[in-house]
Amino acid sequence: MKYLGLVFANLRRSKLRSAMTGAAIMLAVLLVCLLLTMPAGLDALLDNLASNTRISVHNKAGIVYSMPQSFVRKVRQVDGVAAAAAITWFGGAYEEAGRVTFPNFAVEVEHVGAVYPDYPISAEHLADFKRYRDGALVGRQIMRKYRWKIGDRVTLRSTVWPVNLDVRIVGEIADDHSPYLWMSTEYVDQALKAQGREGLGIANVVWARASDPSRVNAIMRAVDELSRNSEAETACETEKSFFSNMFGSLQSFVTIILIVTALVSLCIVFIAANTASMAVRERAGEIAVLKAIGFGRRVIFATLLAETLLLSALAGGAGVLLAVALTRALRMFSGWSEALGPLAVFIITGPVIVQGIVLSLCVGMLAGVVPAYGAARKSVAETLHEIF
Amino acid sequence: MPLPLSYSLRNLQARPGRSVMTACIIALVVVACALLLGLISSLKQTFVRSGNPMNLVVMRKGSDNDGASQLAVQAFQAIRFFDGIARDAADQPLVSPELVVQPFFRTRGGGRENVLVRGVEPVALAVHEQVRITQGRMFTPSAHEAVVGRAVLGRYAGAELGNELEFGRGRWKVVGILEAGGASFESEVWVDVRELANDAKRPYPYSGIRLRVATPADFEPLQRRIGDDPRYALEALRETDYYAKQAKSANALYVLVVGIAVLAGIGAGFGASNTMYAAVQARTAEIGTLRALGFSRGAILSAFEIEAVALSLVGFLLGAVAALALSRLLEWWLGSLAFGASTFTTNVITLHLSSADLAGACGLALTIGIGGGLGPAWRAARLRPIEALRKA
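The listed protein sequences derive, respectively, from chains A and B. Counted from 1, the first sequence has number 310 at position 311 by numbering that gives the first Met the number 0; the numbering is strictly sequential. Counted from 1, the second sequence has number 114 at position 115 by numbering that gives the first Met the number 0; the numbering is strictly sequential.
Heads up, a few of these hints could be off.
Straight-line alpha carbon distances no greater than 20 Å define the calculated SDA-like cross-link-like pairs of lysine to any residue that follow [said to hold, decoys possible]:
no., chain 1, residue 1, chain 2, residue 2
1, B, Lys60, A, Arg12
2, B, Lys200, A, Glu232
3, B, Lys60, A, Asp165
4, A, Lys1, A, Arg12
5, B, Lys60, A, Leu191
6, A, Lys144, B, Leu255
Rather than coming from a laboratory, the hints here were simulated on the basis of the structure. Computed from a predicted structure; not experimentally measured.
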């Protein structure tokens, strides 16, 4: 500890160099943290949000193969099902964007609240959703992206059904993992019938909630049994399995992101090592003198290593803080992306922060150890001879 | 009078360790950027190559992709005989009615992906000029046969010539493999349009029409005639525009590249700057001598800038070689990469670094070199000869 003054003085010796190295480390740690939020977003979706009591019931052949809307009533009667709601893809394009920029679904207003009791939707918003025929619940991220407020009316032009619908935003789903919009099945149905068409009639997925996690398997078997030999045979799976299948193809992209992260990390090691070796070289004479007057090799080694470690820890810490602040800002602008799905939610989790800090310490160690060891080992006579 | 080029280059050799280290810093940033740029351009290419400049896509008004559109048989019968449509040798119009469905496929790894299955008639091969059956043959209608794209081959259980694929409500025998020069058709499975409509129980047998116009002058009259027809509420888009729209899904990835280029670029610039500052400091006396000999400030400035640029070029070359090697390695390791598309289907792409991607990475390396060298070069040029010499 008593050498801390020396370490700080050495860091201050070439202020410009320390500042630039620190800034480089800070930016790189920031970048690594931002990149790591992508796989972390996927993990968070699978681990925290997918409930172990919710079951997805969909056509065995695929979600687009759909099933009769009425099948949900049969699901509700299955023993152990606490609630079930049918969901149909509306595929509405928000008129200002001109294409589908966030997922939007027609849902059964009366039942959806009971299927998603864990979702942060206030009771008041849910009640309004039930009250207003044209009501819509919107994920917080989308509200922010389009600067919508509760009470706003927006027009969605469906790319699947031949209707344009005016919906009124009556509430929000207050988390960053739900970038979608729910509207009433009945409202869509009536709009279709008003045009002399058949009405909605189909559902893509029926989400069912089991009263007890232990009954999930029995429910899945019972539902599949109900649909056997019908027009639309179903295949049930848990919510977690549903999402991991849905985003499973992103795994290879995640690998590339991790490779890029590794490259950037290696890059900071080089930057810090370069600085450390320059510092040691310039101070060769001074180090020799220190040794000559009795400072041990260990002290020399430790102070030099501490110098690099301190710089990278401070800079890395700043980078992590900056990442926390920046993701907050990024979430304001980011939305649903069909190419990236849950990778683009920019939620910084505990593990990301820990990884950022560990990375900065590793950089300091890796970068500092070789030059410090070299300087500590070099013989006094040899060094002094080189200098004078 | 400028300093000779060899002055700058020899200076790089004076401290080889440090120069190599700095070049490595730049190289790493180049690899990271080139990799992502390659990913984006590969993704975009699959869409760009899918559009035929002489083709029109006809969909229901308001649909943004043919997977979400539907269209009645009457509409197809009417459009088939519109003027301005190209005809084949047998004088049949080149109009291909198609149905797009996105069923689940089991991947080899046990996962599940939505794959675009396109129901077509034999005329489709004439309309989509770039699509060729390279192995096996085209399917026979009503025989539950399928032709699979090159990228689909081997990715899903049973997706091999002679094997049976299971999707939708039945099993389909794979009788041919189609290639399309890297277009997104290679991620598709083609079957008989009637069988597919039956399997998916669609109320409308077609989701859209692809047709070839006779001459470029026919585009606008045809588009207008189809769009204005009050009976069917359809719209016609040029196929190139249609796929350009699909390619926009890749744009979200640009944010990533820009983020990496800016953050890692600035970081690497600081790293390069550090090296150059140290070089200037070590050569103070030498610079003083040069100034005393009559070399101008501009000459000193440009000598150091050239040194920095040379360093970044070395970094770029190292990085480009590493990036090419890494992309080959990834191809071998990961095989092809899958991406979601706006049609709810999986687009399978092969990572390929184009010269444009490398040029982008080169631009970044040069920016790092020039930017990072500016400060030190400026300091060197501003040294006063007398003070610099006194330090010696």
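Structure-based check of each hint:
{"no.": "1", "hint": "Lys60/B - Arg12/A", "result": "69 Å, violated"}
{"no.": "2", "hint": "Lys200/B - Glu232/A", "result": "13 Å, holds"}
{"no.": "3", "hint": "Lys60/B - Asp165/A", "result": "18 Å, holds"}
{"no.": "4", "hint": "Lys1/A - Arg12/A", "result": "19 Å, holds"}
{"no.": "5", "hint": "Lys60/B - Leu191/A", "result": "16 Å, holds"}
{"no.": "6", "hint": "Lys144/A - Leu255/B", "result": "19 Å, holds"}
Hint 1 alone, counting from the list given before, is not met by this structure.
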